[in-house]
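Enquirer: Chains as they are written, first to last, in this note's numbering: chain C, 21 to 389; chain A, 71 to 441.
Hints were generated in silico from the structure; no laboratory data involved. In this text the structure is predicted, and so the values were computed from the model without any measurement. Any given hint could be a false lead.
[What the hints assert, rightly or not] Facing chain A, a subset of chain C residues (Cβ under 10 Å, in silico):
#, residue
1, THR24
2, PHE28
3, GLU32
4, LEU37
5, ASP39
6, ALA100
7, SER102
8, SER104
9, GLN107
10, ARG136
11, ARG297
Here a beta-carbon is modelled for each residue, glycine too, at the ideal position from N, C-alpha and C.
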Amino acid sequence: MITTLRAFMVKELRHILRDRQTLTILLLMPLVQVVLFGYALRSDVRDIRLVVVDPSPDYATQELKARFTAGRRFKIVAVAPSFSIVQPLFRQGKADVAVTFDPDFAEHLESNEPARILLAVDASDPNTGTTMQTYAAAVIAEYESELKQRKGRPVMIVPEMRMRFNPSLESVNLFVPGLIALVLTLVSALMTAISLSREKERGTLEILLVSPLRPWQIIVGKVLPYLGLAFANVLTALLAAWLVFHVPFRGSVVLLLAESILYSMVSLAIGVLVAARTTSQRVAMLISLMATLLPSSLLSGMIFPIASMPRLLQVISNVVPARWFIIIARGIMLKGIGVTYLWRETLVLAVMTMFFMAVAVRSFKPRVA
Amino acid sequence: MRVLRFLLRKEFLQIFRDKVMLRQMIAMPFIQLLLLSSAATFEVKRADLFLTDYDRSTMSRGLVERLTGSGRFEVVGVSASAEDANDALLRRKAGVILNIPAGFERDIVRDRAADVQLIFNAEDGALAGVTSSYAQQIITQYSRELGATVHPAVTNQPRIEIRRRGLFNPDLDYQNYMIPGILVQLVTVVGTLICAMNIVREKEIGTLDQLNVTPIPRSAFIAGKLIPLWVLALIELAVGLAVARYLFHVPMRGSLPLVFLAACVYLVAALGIGLWISTLVDTQQQAMFVTFFLVMIYLLMSGLFTPVRSMPVWAQWMAEVNPVKHFIAIMRAVMLKGAGFHDIMQPLAILSAYGAVVLSLAIHQYAKRAA
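Make a model of the complete structure from these sequences and hints.
Expert: In structure tokens, the structure reads:
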């Protein structure tokens, strides 16, 4: 019993090790992703390119211009007397914000009439647009409040903003837990589905089925090597995140690894299920892409917060295993919490594993129709 | 020429015979647009606020009222214990803790300045960042209001009035921004992935060897493979654009032919990458993984999700040689900003150069491998 199973697993391992290209990519992928997410994917807004429309330059507009250039955030790319310059620059993507002064700006300031400024931004990207607008408005507001202070101190409520668990809002800290989920999904679900359906496509599955191996042994033999591979991937990703980007590990590493294994089992079960229900590699691939990878990256909260989604998608996200795993992984890594806080999510994953395994084993008929 | 015609017929027959594939290709634009455009958003709906108010004064209540009245915050719990608040944050019951210290009102009246503390659950970094800027705005606004009521003497002051305008997307609709990019992703997947898989499949089944021993010239074979997929990807784009226009009401301010012109050029590059991948691998599984890997890097570095200009300098250089980045820039400029040919000349030129280089490299590589 055990020896046949072991022999089968050795065969499977050879299959994996022989395909150097896939193996390299599987081992490289988490590293490259950690590096990309760590270095390149930031959403902080810097080097805002500013157009100043100043129909009648005076000391106040000069002062404000100087303030914009004094900070590091803004760079004035053009100064013009009329607004017509703005549209073409925006269209070509050469400027981001336009500050337009009303004529006689300084006179208005002195006469206690409101002095007007129009802040136009390229809002085609609404998030960046709003942020840039806020930054520009802050520079103006600071100037205004300084002017006011010369006449008497206004009331100030000073909010102290603290970002718990991720004080610098480093995106790599947030992405690493999601990345682990993604890599585990990719290796466990996708690879299992493809490799099982390949045996089906080539007819070797029938040969396996008439062998003394029982169906569950075939599944276990197929699945275990991939579990090992997935585990190696998690370790490399975590190591890279820890060594290069100093992603915090506030909670227990052992718990995180145990939860990773639990999550891999859900993914593996889904992979087996997909393979059992499909006939060709290509269909298996497409379906597992649609059913696992897409929801794991989009509906899991990895990049886009679930709270921002429409109600329906929020409901759907409940059946995406990655969602629960990401809550767990972030909880352990960033918040340093343990099972007392995470038992509910763990239970959800465990129930999902059991459900998908039961369905998968049932659909994996010992006969190929 | 005759040979090419036969090959084209064969390819189209094969494409249209594979019903599963075809169904997927038609369903893909709908699913992707629906899912991505509504899921891929950082829009902040409402933050769950946990309140620890040690002041319990008119002014502290006023502050909470302003926060909840904005519709951006909802009080989910009130307690006098910091422990309860912390627990709510750990359990994800609350996203923000507002901590108003005792003496808040007294400090405002006496010193004209008071502190409050806001603690965010920064597990969702983007969300926490945006929420904090909303809170900042509301609190600043409230300070001004208090200033007017507490010290009405200080009103005759210089004032700057800021009017804000968002060009091209005044409603700040995130979908308008995402959908052009998602369409690019869609054609990229069709162009690159299906191209690579299609050729590798012939390899795997062994029909590629058969084709190689026929008198079909290599150029005809490659053209026969690439042209149908090129057409298919353009059809896919047309379907996607129609869905975007009529289902999501994404504006099309520029010219439609210009979008297709850019797509035609871009697809040469995308198909070239697919062809190149197909020369490197032997099985469909490998083709998929290599393509997936490359497309992932291309997409992540393209500015689809995070702005290119926020990246470090080396990554911005990498993005310059990334065809996906340029095509996304063109799509967004033409669709949202109404850019004309003149405005997009530079990225279009880069795309053409890129396409020419990649395609000739791929053909060269293909010829070498098959020989």
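Enquirer: For each hint, tell me whether it holds in the structure or not.
Expert: Hints versus structure:
1. Evaluation of the THR24 of chain C hint against chain A yields a violated restraint, the C-beta minimum of about 26 Å exceeding 10 Å.
2. At a threshold of 10 Å, the smallest CB-CB gap from PHE28 of chain C to chain A is about 20 Å, leaving the interface hint violated.
3. Of the supplied interface hints, the one on GLU32 of chain C is violated, with its beta-carbon coming no nearer than about 14 Å to a beta-carbon of chain A, more than 10 Å.
4. For LEU37 of chain C, the interface hint is violated, the least distance from its beta-carbon to any beta-carbon of chain A being 14 Å, above 10 Å.
5. Evaluation of the ASP39 of chain C hint against chain A yields a held restraint, the C-beta minimum of about 7 Å falling below 10 Å.
6. Hint status for ALA100 of chain C relative to chain A: violated, with the closest Cβ pair at about 16 Å, above 10 Å.
7. With 10 Å as the threshold, the beta carbon of SER102 of chain C stays out of range of chain A, its nearest partner Cβ sitting at about 16 Å, so the hint is violated.
8. A least Cβ separation of about 13 Å between SER104 of chain C and chain A goes past the 10 Å threshold, and the interface hint is therefore violated.
9. A cut of 10 Å between beta carbons decides the hint on GLN107 of chain C: the least distance to chain A is about 8 Å, and the hint holds.
10. For ARG136 of chain C, the suggested interface contact is upheld, since its CB lies about 5 Å from the closest CB of chain A, less than 10 Å.
11. Annotation: ARG297 of chain C was flagged as interfacial toward chain A, and the flag is violated, the nearest CB pair being 13 Å apart, outside 10 Å.
Hints 1, 2, 3, 4, 6, 7, 8 and 11 from the list above are not met by this structure, while the remaining hints are.
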